[in-house]
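Visitor: Take a look at the letters that make up each chain.
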Amino acid sequence: MFKGGYAGHVLRIDLDTGGSSVEPLDPKLVEKFLGGRGLAAYIYYEEVGPEVNPISPENKLIFCVGPLTGAPAPATTKTSLATKSPETGRYLCTNAGGWFGPHLKFCGYDAVIIEGRAPRPVYILIEDCNISFHDAADLLGKTTTEVNQILSGRHRCRPEQVVSAGPAAERGVVFANLQAGDRSFGRGGAGLVLISKNVKAILAKGAGSVGVAYPKEFTASAAEATRVARETRTGHTKYGTAQYVGAMNELGAFPVRNFQTTTLPEYKKITAEAIKERFFTHNKGCYRCPVACAQYCYVKDGKFLGAKSDPEYETIGAFGGMCAVTDLAAIVTANMLCDEYGLDTMSTGALIALAMELFERGVITEKDTGGIILRFGNAEALVEMVTAIAQRQHVGNLLAKGMRGIAEAYPEYQDIMMHVKWLPLAAYDPRAFYGNALTNGTSSRGACHNVGGWSIRAELLTKEYDRFAVEGKGLLIKKLQDTRAYIDSLGICTVVRGGYGFTEEPEGRILEYLTGLELTSQLTTIGERIYTLERLILVREGVTGRDDMLPGRLMREPLPDGPAKGHVMDQAKYTGLLNDYYRARGWDEEGRPTGETLAKLDLVNYV
Amino acid sequence: MIEIIVRYFGPVREKTAVDEEKISVVEGSQLKRLIQLLVERHGFGTDQLAQCLIVINGRGASQLSGLETELRNGDVVCFMPQLSGG
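As you go down the protein sequences, you meet chains R and G in turn. Taking my numbering, the leading residue of the first sequence gets 1, the next gets one more, and so forth. Taking my numbering, the leading residue of the second sequence gets 1, the next gets one more, and so forth.
Think of the hints as simulated: they come from the structure by calculation, not from any bench. Each hint should be verified, as a subset may be incorrect.
Here are the simulated DSSO-like cross-link-like pairs (lysine-lysine), alpha carbons at most 27 Å apart as the crow flies [to be verified]:
#1 32(G) to 15(G)
#2 303(R) to 276(R)
#3 269(R) to 300(R)
#4 269(R) to 32(G)
#5 269(R) to 284(R)
#6 284(R) to 22(G)
#7 22(G) to 565(R)
#8 276(R) to 15(G)
One-sided excerpt, in silico: chain R residues whose CB lies under 7 Å from chain G [said to hold, decoys possible]:
#9 243
#10 247
#11 460
#12 461
#13 563
All C-beta atoms, glycine included, are put in the ideal place defined by N, C-alpha and C.
Assemble the whole structure, with the sequences as input and the hints as a guide.
Guide: In structure tokens, the structure reads:
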């Protein structure tokens, strides 16, 4: 029995039989893996073997919330999802804010496992202890916004309580995402996994609440976390993550033209300030968030009139930087279309950028693009290509297969395919911040700036971590990854972590006040255990040190201009970084956790 | 006198209303002298500057000598928002 934080139940939904069952949550699992991402990785390890095809009934969708998800404290909004990715062919962990996770907790669940395949298209309603399946024939072909509106109206709840897959998933796009209202389980193609199970949407509607072990003390700590978040995140409230565009361009880290360079001459057209001046309408926040970083835009005139979305830094980086499109209205439009079709904006932008480079090299031509002049900077082409991918038209049909599909079609151009383990890179160039090379190379889900440990702040602030230094970066990235792993497992948004005291050296008592369990002093160890378990999963799925390598362009082409001019992540440097990292982690030279490391982390049963 | 190029990003730019300006300081001046001049010119509050990440020629000021970093002619000093990942 849990005193607070945890609901104490795992819901298992069997689509083959149309049944469901509830299992108790083992308290020992909480002590080892916390919840959220950690619990999801554990269940995945136990239940999804290396032989499982991502779009087969044997794959599972494992939604897990953390002890803080849904609790009366700031930004307790996150849900983690583990599944096998159709985009990478391997383990995927992805998370989303919004209202879905809190309502899973209000229904009484810490985890929901969806397995099998429904005999006909359905949507699933999770309403407290009642699990029901409803015919979804009328929802097929509809956009995520339409589905979320229809179901929220039909079942009287917020659209943000609905998680749905869009038309892109129905057409088999491997990076089709899951839209949780206007938030996303963005990366890796979880939308396609859901559709492969004949499920169009899941709705969570709970009437319960999250128990708190020591309410008075918890409320005081939550108020303090709210105050700190409000005072220290004014930039996020005012500008959102788009405020990084100008900074990254200034630092020479903003990938432009498929990572050919890292400065965009016309970057001021796509900054947070430009958003504010031209298209901003309102802020929006996730569940109980005092920051509300989403900056909603509406295009008031011109050829993209009527488009509306909330472009974040990564989306602007992918469409604006990588594709070199400086028409902000086109970026707002491409973002909106991705949300409607249910596409990951980051993979979509990175793949269009690659196609633009192949077009400019003459590898693909207008015959392949249906007449689209697919050059860098072409705003109309960007918008048309989003639809072409979602509807699998002409070259969009190839891009819909992700980096793996393109590598099969054009193996001689692998050097310019900007991915690690088949997941496209985010909008930070590792040649400009060497720690970021390890971030991407060793992330648990393929190239990822978050899961892999976002190092740019440390590489700018800390003397011993100069951005172009190799020494010491292994330990830095390990610490950042472990920290992110425990934060993702708690169920809060990383933007407010500082207010809670959840840093590389966690402090405070809020977890104890919530759960009655002594967890804070264990958090970094739990984070390390989670990260190591995720590596064990990857090793089981065939990953070796060779898969931690970066795209050839980063390792062979020095940056031609900007503040990082001349820098390249060559083999010698990167091998030095990787060896340093493996040593810091206690992994062998092939990137496998050693027996000693597994014993230290109480993971010996997971070999 | 030496000339420093100063660039503003995010919330602090609202106060300056310009993206970039050149500021002359006496040779041998440190970062804190430049900040003093900017406070006088733009009326920055201490809380606004405390929320800035100060970058000098692509390196964080805290990686150099902090407020005591000696400025050189042509240095580019940027006042950026606090970066925290996403």
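Visitor: Now tell me if each hint is right for this structure.
Guide: Evaluation of the provided hints:
Of the supplied pair hints, the one linking residue 32(G) and residue 15(G) holds, its CA atoms being roughly 19 Å apart against a limit of 27 Å. In summary, the hint linking residue 303(R) to residue 276(R) is supported, as the alpha carbons are separated by about 20 Å, within the 27 Å threshold. Between residue 269(R) and residue 300(R), the direct Cα distance comes to roughly 16 Å. Compliance with the 27 Å bound is thereby established for this hinted pair. Between the alpha carbons of residue 269(R) and residue 32(G) the distance comes to roughly 32 Å, so the proposed pair goes past 27 Å and is violated.
Between the alpha carbons of residue 269(R) and residue 284(R) the distance comes to roughly 23 Å, so the proposed pair stays at or under 27 Å and holds. Between residue 284(R) and residue 22(G) the alpha-carbon distance is near 37 Å, which puts this suggested pair outside the 27 Å criterion. For the hint linking residue 22(G) to residue 565(R), the alpha-carbon distance of about 24 Å falls within 27 Å, and the restraint holds. At most 27 Å may separate the alpha-carbon atoms for a hinted pair to count; residue 276(R) and residue 15(G) meet this at roughly 15 Å.
At about 5 Å, the closest approach between the beta carbon of residue 243(R) and any beta carbon in chain G falls short of 7 Å, and the interface hint on this residue holds. Checking residue 247(R) against chain G: minimum C-beta separation of about 4 Å stays under 7 Å; hint holds. A cut of 7 Å between beta carbons decides the hint on residue 460(R): the least distance to chain G is about 4 Å, and the hint holds. Against a cut-off of 7 Å between C-beta atoms, the interface hint on residue 461(R) holds, since the closest Cβ of chain G lies about 5 Å away.
The beta carbon of residue 563(R) is positioned within 7 Å of a beta carbon in chain G (closest approach about 4 Å), and the interface hint is therefore held.
The structure does not agree with the numbered hints 4, 6 stated previously, though it agrees with the rest.
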